[in-house]
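Engineer: Sequence:
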Amino acid sequence: VEGRAAREGRAVASDPGALEVILVRIAVVVTGVVLLVLAARSVYRGIRRRFVGDLRDGTPRAVIALGQAGYVGKGLTYAIIGGLMIWTAIDGRTGPPGLQTVFRMLNLSPAGGTLLVVKGIGLALFGAYCFAWAAHRRR
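Start counting the sequence shown at 99; every next residue gets the next number (this note's numbering).
By construction, these hints were calculated from the structure, which means they are not laboratory data.
As the structure is a prediction and not an experimental result, all values here were calculated from the model.
No residue lacks a Cβ here, since even glycine has one placed at the ideal position from N, Cα and C.
Any given hint could be a false lead.
Just the calculated beta-carbon pair ranges, DEER-fashion [what the hints assert, rightly or not]:
(1) 218 x 131: 21 to 29 Å
(2) 208 x 128: 44 to 52 Å
(3) 117 x 216: 33 to 41 Å
(4) 163 x 218: 34 to 42 Å
(5) 207 x 138: 22 to 30 Å
(6) 226 x 136: 38 to 46 Å
(7) 121 x 156: 30 to 38 Å
(8) 150 x 215: 27 to 35 Å
(9) 135 x 197: 17 to 25 Å
(10) 188 x 136: 32 to 40 Å
(11) 118 x 145: 34 to 42 Å
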């Protein structure tokens, strides 16, 4: 089939070269590291209450607690995805590196369901905080 396609002038799908595979793996590792840095920043911002300056004075304690939980949850979500991206780039057995492989690993791993629940709760808490922030933000 490949010879016929080449004779007819059609493009033939080829396997990626070694350099291309290495560059993709490096890009995925860099993306994973960036996500881990964003995760650390988000968790730090939540634990140290660095977001309180964005809220007006007299904001209820519940909103501040929700903000702390939301920022930590968002950080955990970024950390899970970033860590799995680095893992898929380093471990060549899981398939080509990228988000599709990360999601496949999440789905097939024994802790995958737990990680998905942690991510879901974390993003839900951050989303709830965003609504509370909109109501109590400094103008």
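Engineer: Indicate, hint by hint, whether the structure satisfies it.
Structural biologist: Going through the hints against the structure:
For the hinted restraint 21 to 29 Å between residue 218 and residue 131, the CB-CB distance of approximately 24 Å keeps it satisfied. One distance hint, 44 to 52 Å for the beta-carbon pair residue 208 and residue 128, is violated here, with the actual separation near 28 Å. Between residue 117 and residue 216 the beta carbon distance is about 37 Å. The supplied range of 33 to 41 Å therefore holds. With their beta carbons about 19 Å apart, residue 163 and residue 218 fall outside the hinted range of 34 to 42 Å.
Between residue 207 and residue 138 the beta carbons are some 23 Å apart, a value that agrees with the proposed interval 22 to 30 Å. At about 20 Å, the CB distance of residue 226 to residue 136 disagrees with the hint of 38 to 46 Å. The supplied range of 30 to 38 Å is broken by residue 121 and residue 156, whose beta-carbon atoms lie about 53 Å from each other. The given range of 27 to 35 Å is respected by residue 150 and residue 215, whose C-beta atoms sit roughly 28 Å from each other.
About 18 Å separates the C-beta atoms of residue 135 and residue 197, a value consistent with the hinted range of 17 to 25 Å. For residue 188 paired with residue 136, a C-beta distance near 20 Å fails the hint of 32 to 40 Å. Remark: the range hint 34 to 42 Å for residue 118 to residue 145 is upheld by a beta-carbon distance near 41 Å.
Hint compliance for this structure: hints 2, 4, 6, 7 and 10 are not met, and every other hint is.
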